[in-house]
Amino acid sequence: MLKHIGAYFLMLRMVFVKPTKANVMYGLIFKEIQDLIIGSLGIVCFLSFFVGGVVSIQTALNIDGELIPESLVGFATRQSIILEFAPTFMAIILAGKVGSYITSSIGTMRVTEQIDALEVMGINSLNYLIFPKLVAMTLLPIVIIFSMFLGIFGGWAATIYGGFSSTAAFVEGVQMDFKPFHVFYAFIKTFLFAIILATIPSYHGYYMRGGALDVGRASTVSFVWCSVVIIVVNYFTTHMFFS
Amino acid sequence: MIRLENIQKYFDHTAVLKGITTEFEKGKTNLVIGQSGSGKTVLLKILLGLFTPNKGEIYFENTPFSSMTDDEHRTLRREIGMVFQGSALFDSMTVLENVLFPIRMLTKLSESEMIAQAESVIERVNLSDARNKLPNEISGGMQKRVAIARAVVMRPKYLFCDEPNSGLDPKTAIVIDNLIQEITHENNITTVINSHDMNSVMEIGETILFLENGGKEWEGTKDNIFKTDNEAVTDFVYSSNLFKKVRKLYLEN
Chain L
1 MLKHIGAYFL
11 MLRMVFVKPT
21 KANVMYGLIF
31 KEIQDLIIGS
41 LGIVCFLSFF
51 VGGVVSIQTA
61 LNIDGELIPE
71 SLVGFATRQS
81 IILEFAPTFM
91 AIILAGKVGS
101 YITSSIGTMR
111 VTEQIDALEV
121 MGINSLNYLI
131 FPKLVAMTLL
141 PIVIIFSMFL
151 GIFGGWAATI
161 YGGFSSTAAF
171 VEGVQMDFKP
181 FHVFYAFIKT
191 FLFAIILATI
201 PSYHGYYMRG
211 GALDVGRAST
221 VSFVWCSVVI
231 IVVNYFTTHM
241 FFS
Chain P
1 MIRLENIQKY
11 FDHTAVLKGI
21 TTEFEKGKTN
31 LVIGQSGSGK
41 TVLLKILLGL
51 FTPNKGEIYF
61 ENTPFSSMTD
71 DEHRTLRREI
81 GMVFQGSALF
91 DSMTVLENVL
101 FPIRMLTKLS
111 ESEMIAQAES
121 VIERVNLSDA
131 RNKLPNEISG
141 GMQKRVAIAR
151 AVVMRPKYLF
161 CDEPNSGLDP
171 KTAIVIDNLI
181 QEITHENNIT
191 TVINSHDMNS
201 VMEIGETILF
211 LENGGKEWEG
221 TKDNIFKTDN
231 EAVTDFVYSS
241 NLFKKVRKLY
251 LEN
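If you read the sequences in order, they're chains L and P. When you number the first sequence by the numbering used here, it's gap-free, plus one each residue, and the end is 243. When you number the second sequence by the numbering used here, it's gap-free, plus one each residue, and the end is 253.
Each hint should be verified, as a subset may be incorrect.
Calculated pairs, DSS-like style, for lysine-lysine (alpha carbon to alpha carbon, straight line, at most 25 Å) [stated by the list, open to error]:
id, chain 1, residue 1, chain 2, residue 2
1, P, 133, P, 171
2, P, 222, L, 21
3, P, 171, P, 108
4, P, 157, L, 18
5, P, 45, L, 18
6, L, 21, P, 157
7, P, 248, P, 222
8, P, 108, L, 18
9, P, 244, L, 31
10, P, 157, L, 31
Hint data in this document are derived by calculation from the structure and do not stem from the laboratory.
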């Protein structure tokens, strides 16, 4: 375990040394933005909309009483989406989508000796392969903005469609006691998760050994470790910002 | 010219290479042969700098590898071309982009100069018609030719090939062997080829190093290999009836 942690940090150091030519790197970064960020928008929007709807329905069905205002549905939906669902839940979903893609693509390059080919040419393969992914993933907060917006929108749509509350009450709840700091906190978390999502799968892909079956195994292990680290980092950032 | 002196390599206390001393000559195709597990690939990876030997020294044109500075290592790497066993082509790039890749990464030529250099090499390996195809759209033999083109496009001083004709039919294998030998002679390159294909030995083996269990068992030329009575070499090289007959005829004549 300690050996892996040490190797991971040594890998991170190597990502930033001996950089690839700038004009080549720009192209790689834009390609990764296309694959990792723009390619993830569809699934993130879809999931956010429906989970936002489920959060609002569950909230509406589980609050029962004359003294509880209808606007609470909007308030609870907003808080759940902004504080946890959009940054943390989406990061775990992306650990499956983006993480597996990164591990399997780098792992396949390892198995087919493409990484050896880069090294033989005198190219820093860690910088060439991982740096563009890392830069692209720092745009993850943009994906999370979409997730926040569509999550709350999905909550509103489900509330109105199910007849649990009026638009006015829902919007009042969404605006109630709004703290911009919560959005800032969500972005800080997202940024940390982005670094985790770019680097842990890269580590598992880059240092894997074996054949095609081992690429699949490395992707699974990478997903598990990404999820574990995201949850642990989520706990500590929450503790740090709110305690 | 590359000289190896007492190269030893261990993995988990197991000796994989047991003190290899030899010389690979310039302008010749130097073959390293031996059974699977004899240490051929490890030796090649040491020559490429992907593994570090536990003991011994490699001299590139009389300069010891271990005493080179980082800049000299970088320069040396640019003078090395490698043809991998599975070709190791970048599968998201076309044939032209694969051949362009080292020029783009390592030189400051203009785009038109880069393309001209890459296209001249693609033409040399007879792949002009496939320049815009992806690796998975061409045959194994063509992939090997792209790998050779990529390896020589920077005009290297050293060319290493790891079983360049494995998985190819005999006719294509000979085409690949001859292409490597022609390029070696044309550019006066020091070429080292790992192989366990006896056709390659007979076709292009200008010098031959035979490894067994990580040690140097025999070395010589393809003419010597007919005459040797080294049991390990004859067991390996003449394991097929066809080669036994070829040897018999050679010795009779």
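Results for each hint:
1. 133(P) to 171(P): This hinted pair holds, its Cα atoms lying about 23 Å apart.
2. 222(P) to 21(L): 45 Å, violated
3. 171(P) to 108(P): 39 Å, violated
4. 157(P) to 18(L): 24 Å, holds
5. 45(P) to 18(L): Judged against 25 Å, a Cα distance of about 22 Å means the pair holds.
6. 21(L) to 157(P): 24 Å, holds
7. 248(P) to 222(P): This hinted pair holds, its Cα atoms lying about 15 Å apart.
8. 108(P) to 18(L): 17 Å, holds
9. 244(P) to 31(L): 56 Å, violated
10. 157(P) to 31(L): 34 Å, violated
Consistency with the previously given hints fails for numbers 2, 3, 9, 10, ordered from lowest to highest.
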